[in-house]
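Got chain A sorted already, so can you dock chains B and C onto it with the hints?
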Amino acid sequence: MKTRMSLCVGLAAAAMACAFPAAAQTVKIGLISTYSGPGAAQGDQIDKGAKLYMKLHADKLPPGVKVELITRDDTGANGDVAKRIAQELIVRDKVQILTGVVWTPNMAAIAPLTAEAKIPFVSANASGAKVVGMSPYMARVSFTLCQSAYPLGQWAAKKYKKAYSAVSDFAPGHEAEGCFVRGFKEGGGEVVGTVRIPLANPDFVPFMQRIKDAKPDVLFAFNPAGKQATAMMKAYGDLGMDKANIKYLGTGDITTDEELQGMGDAALGVITMHHYSAAADRPANKAFVAAYKKEYGADLNPGFMVVGAWDAMDAIYGAIRAQGGKIDPDKTMEILKQYKSTTSPRGPMSIDPETRDVINPEYLREVRKVGGKLANVELETITTAIKDPLKEFEKKK
Amino acid sequence: MQAFISSLVSVAFHGVAYGMILYVISVGLSVTMGLMGFTNLAHGVFAMAGGYVLVTSLSRFHLPFALALVLAFVLVAAASVVLERFLYSRLYGASELEQVLFTIGLIFMSVAVARLLYGTLQQPVVLPDYLKGQFALLGRDFPAYRVFLIVFSAAMIGALWFGLERTLWGAMVRAAVDNRAMAQAIGINTRRLFTITFAVGSGLAGLGGALGADIVAIQPTYPFEQLVYFLIVVSVGGLGSLRGPFVAALLIGITDTACKYWLPQFGAFFIYAATIGLLLWRPMGLFGKRT
Amino acid sequence: MNHPVGYNADHRLRWTEWLPWVVALAVFFLLPDYLSLGARVLTYILFALSLDLILGYAGIITLGHAAFFGLGAYVTGILSAKLGVNDPLLQMLCSACAAGLLGLATGALVLRTHGLTQLMLTLAVAAVCLEVANKATPVTGGADGLSGVTVAPILGLFRFDMYGRTAYLWCLVLVFGGWWLIRRLIYSPFGAALTGIRENSVRMHAVGAPVYKRLLTVYTLSAAIAGIAGALLTQTNQFVGLNVLGFEPSGELLVMLILGGVGRLYGAFVGPLVFLIAQDFLARQFPEYWYFGIGLMLVVVVLFARGGILGISDAVIARMRRKA
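Residue numbers (the working numbering), protein chains in the order written: chain A, 1 to 397; chain B, 1001 to 1291; chain C, 2001 to 2324.
In isolation and in its complexed conformation, chain A is listed as follows (with noise of 0.2 Å):
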């Protein structure tokens, strides 16, 4: 029962600030995730990040303004429960500020609460391409699939030939295929399959089967974080398609840190290209790791849901600081779209002030055993900053 409704982190800083009354001012913060359901473990990931931030740095805020965190459970993604709660945020408990969320639909469906009511949400997670534009008052700093598929897709082009995408049937996992498969025939590969798994599906080896008959080079997959990353993992394995040479590729989804050490063994060599690894070597992120683990446990990795939580927190605290505490959603705004952070544990990062989306940094990585437990090792950088491809190809148009 370690979460309660709202949670009052006002800290050292915020005591000495008792002095001086006249200035004392409370920023409400409404926290949509998923705490019960099937996706409960995303949620618990963008609750801790956001709550870590929060406690490490309460020395950040200007003085005598304190950060009231409201958290409240959309449920899992259901677009009408997050609009109701949001709503409550917003009229009952007057916050100031939204974030979280774990689901797109979930965002959609706040958007036009968002512009109707001026409250500024800056998403954790939810990463569909369209959606952060449904709401001049909506802004991104996760990531969004294309900025790891495409690239993905041309580096794979240069050392294979023949590709399979299998993705999960839901916008994400489209966008996720047809970045994927732009970027490999682009580079001159061939597509000789695709399949959209549905989202509600106990067994994966029908569908790894299918693939595995028909004999490509590389497997390009995206799953939702979580169950379904690990199921289809399994299969893979299961199958001996890695001994079959059908490399494995994805987007960081389907071997995030969190997820990792249940996957086995099987997952050893699997390359997939994320903005975020737990493994990375970044003074920053070392430190971020450390903080996490003393403050949830030595065996728990934070995955990229956790750094997204994070890094929302951390964009949120600027515009706080920016305008000494009193919130005004149209500057607010303003200071997010200037967001620019060279301390995220995942390297460089922005904010692009034309689409008010992520403009992210994106590494190759493997999986490989580090000090016996399995690590996504960074290979290299393929880019430090590369904004949501979807929206250039369209602005080409």
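Please keep in mind that the hints were generated in silico from the structure rather than gathered at the bench.
One or more of the hints may lead you astray.
[Said to hold, decoys possible] Here are the simulated BS3-like cross-link-like pairs (lysine-lysine), alpha carbons at most 25 Å apart as the crow flies:
{"#": "1", "chain 1": "B", "residue 1": "1132", "chain 2": "A", "residue 2": "247"}
{"#": "2", "chain 1": "B", "residue 1": "1132", "chain 2": "A", "residue 2": "373"}
{"#": "3", "chain 1": "C", "residue 1": "2135", "chain 2": "A", "residue 2": "130"}
{"#": "4", "chain 1": "B", "residue 1": "1132", "chain 2": "A", "residue 2": "369"}
[Claimed, not checked] Listed below are several chain C residues computed to face chain B (Cβ distance under 10 Å; list not exhaustive):
{"#": "5", "residue": "2063"}
{"#": "6", "residue": "2114"}
{"#": "7", "residue": "2116"}
{"#": "8", "residue": "2121"}
{"#": "9", "residue": "2123"}
{"#": "10", "residue": "2132"}
{"#": "11", "residue": "2134"}
{"#": "12", "residue": "2262"}
{"#": "13", "residue": "2295"}
{"#": "14", "residue": "2298"}
{"#": "15", "residue": "2303"}
{"#": "16", "residue": "2307"}
{"#": "17", "residue": "2308"}
[What the hints assert, rightly or not] Label pairs and their computed distance ranges (CB to CB):
{"#": "18", "chain 1": "A", "residue 1": "192", "chain 2": "B", "residue 2": "1005", "range": "19 to 29 Å"}
{"#": "19", "chain 1": "B", "residue 1": "1185", "chain 2": "C", "residue 2": "2248", "range": "37 to 47 Å"}
{"#": "20", "chain 1": "A", "residue 1": "26", "chain 2": "C", "residue 2": "2155", "range": "38 to 48 Å"}
{"#": "21", "chain 1": "A", "residue 1": "371", "chain 2": "B", "residue 2": "1060", "range": "15 to 25 Å"}
{"#": "22", "chain 1": "A", "residue 1": "194", "chain 2": "C", "residue 2": "2084", "range": "30 to 40 Å"}
All residues carry an ideal CB built from backbone N, CA and C; glycine is no exception.
Just chains B and C now, with coordinates in the frame of chain A:
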């Protein structure tokens, strides 16, 4: 042509493996629903518990795989007796709707308890080395664990069939399913019979959950997510029957696998369409009692 | 709140029956912060009323009522987002018709069976609807949900606002309408025929009542009302997600109705109210573990309060009367 036959073989193989798991889990539900008319929607809780027992004994206590399977059966069966005596037995006379509400309540509680004990992440199954890798047969590779699964489940089903068709206990169960009042009248203690049957059925669910843990992920929402599949097996197979759910589970396993293999774009559509068709054709299930 | 049922029962409105409406209006003025929760409760009350009509009065068991709820929600959503039809009344009408038609078509099959088979058929019908909605991405938005729904002001006068005032009143008006209709129905000869079928369908056949036709009629009507509830959900949220067609709303609805009390009309009011408020409260206090509280509540109700919350309150009142 050869490619087609080879894909036919793998569809049949994977379908049977999946069907076997479904059967081992669901058969207890069919028998208890047929025997006592108790609508136990919380049956999946036992399967989940079995999965957690297996995972815990493997990764925390490093027990041998075989022992972990035995534990999954025994512990779940024992726990189910406690539940049956203290809670379920109070509701034997209650209406179907109250049984539904009660067992859904149990699912809700078990979901929260599982989450408290194990967190939300899927539990990894550390298989012993001899069950890893592939098993070559007739020029094709088959995953060793699934081969084991089919052989083991087949043996279990054989034992169960023997128990129900050739032993006194089996005869009593069959008599009670056919006509409970009459069975009671000739001196069968149906109350005790049911406790034992319930324990065996729940134990089997635990065993099935444990066996299938590597295929159907063990996590807190398991009883909700799998419920529909168990119910389909039971209703299509027919209540109180042993053969019916077996045929139904294999049908579902193979249909599901075949659709995923050849028509992945249709998703789970065919399973439900097939369920509707079968139930309209045989409303009491394939091998259900005729009324 | 004991509610007499049956054709011969006294069907005049009693003063207690006005109570829910007074309370609902009081909530509007006294608890303006809770209107979005209130609208959700009202939507589910209408949905539960539609289920009570077939389960409580006609004895049809279903775990797939969300098929109609979801269809209603999607019809309204698609009309607005894809076809630009934003008039709330028109949306509602289309949703009711579509859900009613689906009820007629599937009822023709489902109502030929009983018990577990019937339960599974309804469940499978809803699951097929879910698959269709999931695959028809260009129309429904698939797993991403359907956004971009706009609802024009009601009668051109009342705009749907952020605080949910209009939505709340709009829901209230429709629940009132649904309640009035269903109440009239229960006390009509038609309602008596339904109760007869529930109690003994063989005898109803014997007296020459058109059992199947009656059941099909009430199933269609119930589906249409569920469709209206679905349309309400879309209009208040301006978003439709796949989950409206899932197993969850069907299961939760059944739980809510049994919790309140089946076949009592007002059980459909009490159940959603208690369930959703408990859920809202627990989910705030313990976002991770609220399931436990809900589960415990259900188990306790079954063990100690047969007949749902209204059942136990009947028993308490009866005992007090005996003492007095």
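Against the structure, the hints come out as follows:
Note on residue 1132/B and residue 247/A: the hinted pairing holds, with a Cα-Cα distance of about 20 Å set against a maximum of 25 Å. Distance check on the hinted pair: residue 1132/B and residue 373/A sit about 19 Å apart at the alpha-carbon level, within 25 Å; holds. Taking the CA atoms of residue 2135/C and residue 130/A, the gap is near 20 Å; set against the 25 Å cutoff, the hint holds. In summary, the hint linking residue 1132/B to residue 369/A is supported, as the alpha carbons are separated by about 19 Å, within the 25 Å threshold.
The restraint placing residue 2063/C at the interface with chain B holds, with a minimum CB-CB distance near 9 Å, inside the 10 Å limit. At a threshold of 10 Å, the smallest CB-CB gap from residue 2114/C to chain B is about 8 Å, leaving the interface hint in force. Because the smallest distance between the Cβ of residue 2116/C and any Cβ of chain B comes to about 5 Å, under 10 Å, the interface hint for this residue holds. Residue-level restraint check for residue 2121/C holds (minimum Cβ-Cβ distance to chain B is 6 Å; threshold 10 Å).
A least Cβ separation of about 7 Å between residue 2123/C and chain B falls short of the 10 Å threshold, and the interface hint therefore holds. At its closest, the beta carbon of residue 2132/C sits 8 Å from a beta carbon of chain B; the interface hint therefore holds under the 10 Å criterion. Contact between residue 2134/C and chain B, as hinted, is supported at the beta carbon level, the nearest pair being about 7 Å apart and thus within 10 Å. Taking 10 Å as the C-beta contact cut-off toward chain B, the hint placing residue 2262/C at the interface holds, the least distance being around 6 Å.
Checking residue 2295/C against chain B by beta carbon gives a least distance of about 3 Å; that is within 10 Å, so the hint holds. The interface hint given for residue 2298/C holds, since its Cβ lies 3 Å from the closest Cβ of chain B, which is under the 10 Å cut-off. With a cut of 10 Å, the hint placing residue 2303/C at the interface with chain B holds, because the nearest CB-to-CB distance is about 6 Å. Because the beta carbon of residue 2307/C sits about 8 Å from the nearest beta carbon in chain B, less than 10 Å, this interface hint is met.
Given hint, residue 2308/C at the interface with chain B, holds; its Cβ is 8 Å from that chain's nearest Cβ, closer than 10 Å. A hinted range of 19 to 29 Å for the beta carbons of residue 192/A and residue 1005/B is consistent with their spacing of about 21 Å. Roughly 44 Å separates the CB atoms of residue 1185/B and residue 2248/C, a value that falls within the hinted 37 to 47 Å. Evaluation of the 38 to 48 Å hint for residue 26/A and residue 2155/C yields a pass: the beta carbon distance comes to about 42 Å.
The hinted window of 15 to 25 Å between residue 371/A and residue 1060/B holds, with their beta carbons roughly 21 Å apart. At about 33 Å, the CB distance of residue 194/A to residue 2084/C agrees with the hint of 30 to 40 Å.
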